[in-house]
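S.K.: Single-letter residue listing:
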Amino acid sequence: MVTLGAVGVCLMPLLVLSIQLGTGQMGPDPAKRLMQGTGEWALRGLILVLLAAPLAKRGWPMLFRFRRVLGLSLFVYVSLHLLLFAQVYVGWSLTLLAEELKERPYVLVGFSAWLAMLPLALTSTDRARRWLGRRWRQLHRLIYPATVLAWLHVFWLVRSDVGEALLYGVIFAALLLWRVRRLQLRAR
Amino acid sequence: MKRRTYIDPTIASSDVTPESVFLNRRDLIKASTGGAAAALGLSTARSGLASAPAELSFKSDTEGALLEELTPYDDVTSYNNFYEFGTDKSDPVQHAHAMTTDPWTIKIGGLVNQPGELHLEDILSGFDLEERIYRFRCVEAWSMVVPWVGFPLAELLQRFDPKPEGRFVEFKTLYRRAEMRGTRSFTSIIDWPYREGLRMDEAMHPLTLMTVGLYGKTLPNQNGAPLRLIVPWKYGFKSIKSIVEINVTAKQPKTSWQTLQSSEYGFYANVNPEVDHPRWSQRFERRLPSSIFNPNRVPTLPFNGYEEQVASLYAGMDLRKFY
Chain X
0 MVTLGAVGVC
10 LMPLLVLSIQ
20 LGTGQMGPDP
30 AKRLMQGTGE
40 WALRGLILVL
50 LAAPLAKRGW
60 PMLFRFRRVL
70 GLSLFVYVSL
80 HLLLFAQVYV
90 GWSLTLLAEE
100 LKERPYVLVG
110 FSAWLAMLPL
120 ALTSTDRARR
130 WLGRRWRQLH
140 RLIYPATVLA
150 WLHVFWLVRS
160 DVGEALLYGV
170 IFAALLLWRV
180 RRLQLRAR
Chain W
0 MKRRTYIDPT
10 IASSDVTPES
20 VFLNRRDLIK
30 ASTGGAAAAL
40 GLSTARSGLA
50 SAPAELSFKS
60 DTEGALLEEL
70 TPYDDVTSYN
80 NFYEFGTDKS
90 DPVQHAHAMT
100 TDPWTIKIGG
110 LVNQPGELHL
120 EDILSGFDLE
130 ERIYRFRCVE
140 AWSMVVPWVG
150 FPLAELLQRF
160 DPKPEGRFVE
170 FKTLYRRAEM
180 RGTRSFTSII
190 DWPYREGLRM
200 DEAMHPLTLM
210 TVGLYGKTLP
220 NQNGAPLRLI
230 VPWKYGFKSI
240 KSIVEINVTA
250 KQPKTSWQTL
260 QSSEYGFYAN
270 VNPEVDHPRW
280 SQRFERRLPS
290 SIFNPNRVPT
300 LPFNGYEEQV
310 ASLYAGMDLR
320 KFY
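Residue numbers (numbering that gives the first Met the number 0), protein chains in the order written: chain X, 0 to 187; chain W, 0 to 322.
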């Protein structure tokens, strides 16, 4: 029941975006707005996922308890982002897609981030976790390179105002550094 | 304050402002009062135009009207790139009302025999306005079809008599920090004021339009009120908005986007499906309004479909090099 509530919360942004789309509030170029919307919520989801552990260590386990729901929702937003790109920007043309991946590094980088998250989504069931044992944790460290790739994707897209990209950079850097520091402390 | 008015000896009595246009001036003044009201937060959200645009009198474009379906007025005036007011497409319609457009003075100088100033009223009354329905192609791969109202830039330049050594024309947008929130963003990397430029033959080309209106009315602030350039065969960023200064120069002027990222934005910026922006393809465009299930992707045409009229300007030039 509680999990269901968490799922509901995670899908709220998607609902809002759909309503805006359905009621014509997205203006003449909804494709662009939806690309932006799904991308931004994916980034926010990523922040929450990475925040789960540090918050749990400080006595606030709420996010940690729902990290599977959070992670899967994040993957849904990233996947929608990718599907939209295929539908609106390359029109499902494989030749165009190949060209985009080859010539535009930010597309390749974003796509790689999705690829890095794919095995995490696929192994999110209890069975997969039991089956993988120790390796499950190792596999799920893929979220760190995915974070770096996602940030690179955002930074590469900036046209003239770097503010937002820098803000995400600072947040991600802080969240990743926290982990590096913990590893160092544990090694001691 | 005494205002210097530019009096042009070449204006014939037949050119004297028709009453309808004169009355429109009144509307314009009224409209800008509306703008003040908007600035006080009395405007409405989506249709929150800076100042209620006033009707213009002009010669209709009956040929262009047959070309393609027009992009609706609401879309043309709510989906804009005007970074002085923010980088989001909806920032200009929300924030451009803060810009004062009356009084408005344009300084014309550089290599001209008769440098001087023009006031908006001189422009509205001193030139025959005509409608031009043009395709408008943004470098970001979306496009619109817009009925602009204006007059050829050539007519304006000729009044100031460019010197023969003047080979380029430079334009500058208003830069007023207090009224333009985008210019106050400390993470913005644009060096204000926004600048653009054309080669003299491009500037003199009959398609190049000094634009004062769209859809038969004066330009809303978010579309570059009160006076902007429209160069239909070039990417939209060449069509500089809210112009306050025009200089004729001997050397190719530095333009804003080129200065910022010369590998991505060239001086010419002619619409060219064969030369991609490094970060996206230019072969297709989304003709707005577009939707998710019907993205309205259409192939981009060389020179935005004006190849026949303008290709000769670039004869013998390598357009991959001079993008």
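Be a bit skeptical, because a hint or two may be false.
From the structure, some residues in chain X lie toward chain W, with a derived Cβ separation under 7 Å [claimed, not checked]:
id, residue
1, P12
2, G23
3, G26
4, D28
5, V87
6, V161
7, G162
8, A186
To be clear, the hints were calculated from the coordinates, so they are not data collected in a lab.
Glycine included, every Cβ here is placed at the ideal spot set by N, Cα and C.
S.K.: Hint by hint, which ones does this structure get wrong, listed from lowest number up?
M.R.: 1, 2 and 8
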